[in-house]
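Undergrad: Start from the sequences, fold in the hints, and give me the full structure.
The lines below spell out each chain.
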Amino acid sequence: MDSRDGDGSTEDYETLIQTTDVELLKRAWRQEKAAPEILKFETDLITRLTGQIELVEENVEQDSQSGIDPLTVSLYQMDLDRTQFLLRSYLRIRLQKIEKYIFHILATAELYNRLSKQEKEFAKSCLVDLEKHLEESVLSKLPNNYQSIFKQSMISEENDMVAKPQLDTFVVCKTNDYLGHIQLEDNEDGSSDDRANQRPLEEPFEMETDVLYFVRYKAIKGFVEEGRIDLF
Amino acid sequence: MAGQSDPNLSIFSAEEVEFMAEDEMVEIVPNMRMDKLTLICGDYGPFFPQMPAQVPLWLAIALKKRGKCTIRLPDWMSVENLSQTLEAERDSQESFQILPFHYVEISRLLFDHARGDIPDVYTVRSLIEDIKDVRFHKVETSLESFEDARSSAVKVKNLSAMEVNLVRPFVGRALQAFYKHGSPELVPNPERMPPRQPQATDSIQRRPLRKR
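If you read the protein sequences in the order shown, they are chains A and B.
Just so you know, we're using full-length UniProt numbering here: the first sequence kicks off at 1 and counts up by one.
Just so you know, we're using full-length UniProt numbering here: the second sequence kicks off at 1 and counts up by one.
No lab work stands behind these hints, which were simulated from the structure alone.
These numbers come from a predicted model, not from an experiment.
For every residue, glycine included, the Cβ atom is placed at its ideal position computed from N, Cα and C.
Accuracy of the hints is not assured; some may be wrong.
Now the stretches of chain B that chain A is said to cover, found in silico as 3 or more residues with beta-carbon under 8 angstroms [stated by the list, open to error]:
| hint | stretch |
| --- | --- |
| 1 | 23-35 |
| 2 | 39-45 |
| 3 | 162-171 |
TA: What follows is the structure, encoded as structure tokens:
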């Protein structure tokens, strides 16, 4: 990887660079940061990386004891720090989202399944604590009809005290393959937007590769999950 | 702290954008010998004196700080190329010239740490500042033309990372507001008379309790 010898191998070089675990983690981190809802946990990637990180941590420990050139040690340490930052930030963002939308995530099977094993446990115990806290400090003191955690009052038809992620936010994204004919308005899905069947259909929207677009997250949600669109 | 950059989750701080820029590759000329580095993010080296090598920017800066190498200026940063880019930026009102995605961060880092390696550093610096200004002015004027309330997607061609990050919060909220308010209720359409659904407690329209 330290020499480029012609266009053919530069392309392979590019793809090789694209698929290092750190690159994948960086991508996962960016996606998670930019997306309004929680995405699927990258179990394999994180397991591999935690393994690598632990290994390097041990090595750095040993090397700094055994008197290997401190410059080399510090470079390994820097690389380690960078990777750890990405990992920690990734996990923290997910935790923030879990805390923010906790009732919604636990109530929706699809979202709940996107959590890792530890996150699920965290979410469950967080829920218990939060419910208890709300009960004791606020809800028990409210009049009888207003004591539910999920509903504003007994006459509410749905759980309107539950914070849901705003899927309508606009995100910056880039596509990996050319995508023609993206439906920008949700017409089929009448339930989410009751203005949908009144809005005239626009021209189908196309996205060229390698160009940034501001798009409504909901319109490209499926593509993000498939990995065809990258968020920035 | 990692991940604590902003209470609003989806904003990247300037430091985080710089972090991403630091993975870009640059060419260095080491002045010493070093064994291969098997880093988590890839393998680099071995390094030989006077033999150019490609490394990520953060590694180049680290080596430079310890006086172990010189950094070769990227081609796009030569006075010639920058002057051409500036000309072209000034000439075209609509489009942006093609520059590396992280040109702001890369040039900033090189100015801060590798000044000695840049010939005509003051010229290069002022050219980049000018390019930044012209581009940002273009971004501002194009923001004024977001009148089409039905635009559900906006193409930003050739914008750089820092520029995108600066306008992201504003453009995001503006487009969202347009989308929300740009419904055909305001534009009477006599042909379509769909039944209106009763809007009782509607969780979409309720704003989250915390202001964004």
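Undergrad: Next, verify each hint and record whether it holds.
TA: Verification of the hints:
With 3 residues having a Cβ less than 8 angstroms from any Cβ of chain A, the stretch 23-35 of chain B passes the three-residue criterion, so the hint holds. Here the stretch 39-45 of chain B counts 7 residues with a CB under 8 angstroms from a CB of chain A, which clears the bar of 3, and the coverage holds. For a cut-off of 8 angstroms, the count of residues in the stretch 162-171 of chain B with a CB near a CB of chain A stands at 3, and the three-residue condition holds.
Hint compliance for this structure: no hint is broken.
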